[in-house]
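Based on the sequences and whatever the hints tell you, model everything.
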Amino acid sequence: MNGQGFWGDVRKYRTLLLMLTPAVLFFILFAYVPMAGIVLAFKQFNYDGGIFGSPWNGFDNFRFFFDSGNAWMVTRNTALYNIAFILVNNLLQIFAAILLFEVAGKWFRKITQTVLFLPYFISWVVVGAIAYNLFNYDVGTVNAVLKAVGMEPIDIYNTAAYWPVILVAVAAWKTLGYGTVMYLAAITSIDTEMYEAAEIDGANVFQRIMRITVPNLFPTVIILFLLAVGNIFRGDFGMYYNMVGNNGLLFSSTDVIDTFVFRSLTTSNEIGMSAAAGFYQSVLGFATIMLANYAVRKYDKERALF
Amino acid sequence: MKTDRLLLAGIGYTALTVLAVFCLFPFILVVSSSLTQESTIIENGYQLFPSAFSTEAYRLLFDYPAQMLKAYGITIGVTAIGTVAGLFLTAMTAYVLARKDFKWRGKFSFFFFFTTLFSGGLVPWYLLIVNYLHLKDTFVVLILPMLLNVFYMIVMKSFMSGIPEAITESAKIDGAGDFLIFRRLILPLSKPALATIGLFIALGYWNDWYNALLFVQKDDLMPLQYYLYRMLGNMDGMRKAMMQSGAVVNMDLPTESLKMAMTIVATGPIMLAYPFIQRYFVRGLTIGSVKG
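Line by line, the protein sequences are chains A and B.
Heads up, the first sequence is in the numbering used here, so the first residue is 1 and it goes up one at a time.
Heads up, the second sequence is in the numbering used here, so the first residue is 307 and it goes up one at a time.
If you're looking for bench data, these hints aren't it; they were derived computationally from the structure.
Everything numeric in this text was worked out from a predicted model, so none of it was measured.
Misleading hints may appear alongside valid ones.
Unchecked claim - So, partial list: chain A residues that the calculated Cβ filter (under 10 Å) puts toward chain B:
#1 Thr15
#2 Val24
#3 Val126
#4 Gly128
#5 Leu134
#6 Gly150
#7 Ile154
#8 Ile156
#9 Tyr157
#10 Asn242
#11 Gly248
#12 Ile289
#13 Leu305
In this text, a Cβ means the ideal position worked out from N, Cα and C, and glycines have one as well.
In structure tokens:
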């Protein structure tokens with residue numbers, strides 16, 4: 001009655017618990033309830049029965065997904081894109097951050113930083129419009145240039161082979177400023193005495209960068225890497241969808257799990273199969289986070305996520 | 307002796323200039339395309355510098371702005387409400403999780419964090435919102451599903467963990483309740499984090515088109531980015547929208563330059579606010595990265 005045990009704690013923390021209530025309800029509703037909806041992957045969905053009233057059909061949805069021949073393709077595309085993004089984006093961001101830090105001119109630095117950050121602020125819809133401006137067959141800038149120099153125009157929106165390069169470039173373009181600032185913050189927090197000591201020992205600027213700056217960025221790199229690896233089976237839907245949309249000619253090189261699930265849900269209305277594909281994605285993602293976290297824990301306990 | 311510095315400066319200025327041009331070039335292209343005469347675009351393609359200048363596309367947009375203004379209104383409303391509500395709830399939750407004397411903070415933190423590790427996927431989430439909550443084609447659906455984000459909560463929590471506990475302690479002795487402490491003491495002290503996270507949330511709402519793509523079919527509810535998305539893919543739709551706005555439109559609507567002009571108008575406010583916003587952004591990201 002008076003402050004004992006569980007109910008005593010509830011009384012003691014009642015205001016704090018009340019303050020947590022909106023967020024708890026939100027995540028129960030929008031995150032935990034949908035987790036229960038995973039049963040849908042094992043059901044033959046019909047609208048009358050809803051999620052829980054529809055009849056079971058075992059692993060049929062999964063069999064359908066894997067037999068369609070799309071499962072391997074979308075898994076491969078998703079993973080390869082993300083690996084390319086992790087490598088290209090981080091290298092470019094670290095490169096830009098180091099140069100921004102080393103180049104002295106204040107105005108130049110400010111302007112460059114602002115310009116690099118610009119693409120981060122626009123929506124994927126606008127990026128899609130920019131891509132159209134560049135790559136459209138009839139009026140696109142790329143083809144205008146090709147024609148001007150007397151070459152044949154190329155049909156980019158109908159050729160799957162160009163898209164891996166384009167998408168990697170677009171991802172690099174959009175995230176460059178954001179990542180650069182993050183790394184710049186990490187570089188700024190490096191102890192300046194280290195640089196002074198290196199200077200006295202006669203190190204040149206390149207040695208200084210390679211021996212001090214780069215190694216000191218490792219902790220930041222690991223955290224970002226860990227977060228990225230956990231999302232290796234998750235695609236940025238907005239990017240793929242606005243860049244290529246439902247262009248079937250490009251699927252072999254642009255379809256990722258997210259776009260596949262979206263299409264199965266909205267276009268072909270294959271609810272059971274898209275639920276199965278979504279579940280498959282969640283399980284793969286969970287497994288990679290656990291593995292990556294385990295690997296980082298072995299290397300350095302402090303750096304692991306949990 | 308100084309050659310290495312000179313070399314580095316050379317590499318630095320060159321490489322950064324190249325990267326900056328790489329980032330800026332597409333924007334210039336869109337602006338110039340929106341200002342080029344339609345016939346020139348059809349003939350020569352989009353160009354970096356308009357060879358035949360024309361403001362026709364903008365004139366059309368500003369003469370018959372009804373649809374676009376409606377979309378602007380939706381986006382501004384969604385962004386304002388979503389940002390204020392989301393920021394307040396994020397901060398309140400983060401404060402409780404940052405209170406070291408709260409017995410269950412670890413358990414609740416994990417409860418939130420787990421949702422980033424595993425999810426039910428798109429389909430159950432979609433069916434929940436459409437079939438069970440019946441939120442399709444409502445204003446609420448543009449705000450509610452994006453209201454809280456675990457990553458922002460974590461950044462906010464690590465910022466608040468840096469506020470000395472003594473402040474909470476002494477306020478308690480003076481008889482202040484937990485909510486009062488949060489509102490009167492913690493919120494004012496958290497301004498940098500609030501500014502940063504607020505900007506993230508606002509940017510998310512301003513640029514959102516995904517929720518509209520999934521859940522909105524009514525023209526009256528289309529936010530700006532989704533409106534742009536629809537117009538880009540559908541010139542007939544654009545013609546119709548123009549006619550509904552009262553334009554007498556024949557077949558030679560300057561579609562190509564109009565697409566680019568619409569893109570500019572939909573991006574405009576963010577681009578204008580951006581240089582001003584950026585200084586907070588950089589400071590906020592510093593906070594985020596230091597505390598991981």
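Against the structure shown, which of the earlier numbered hints fail to hold, in ascending order? Violated hints: 6, 7, 8, 9, 11; rest satisfied.
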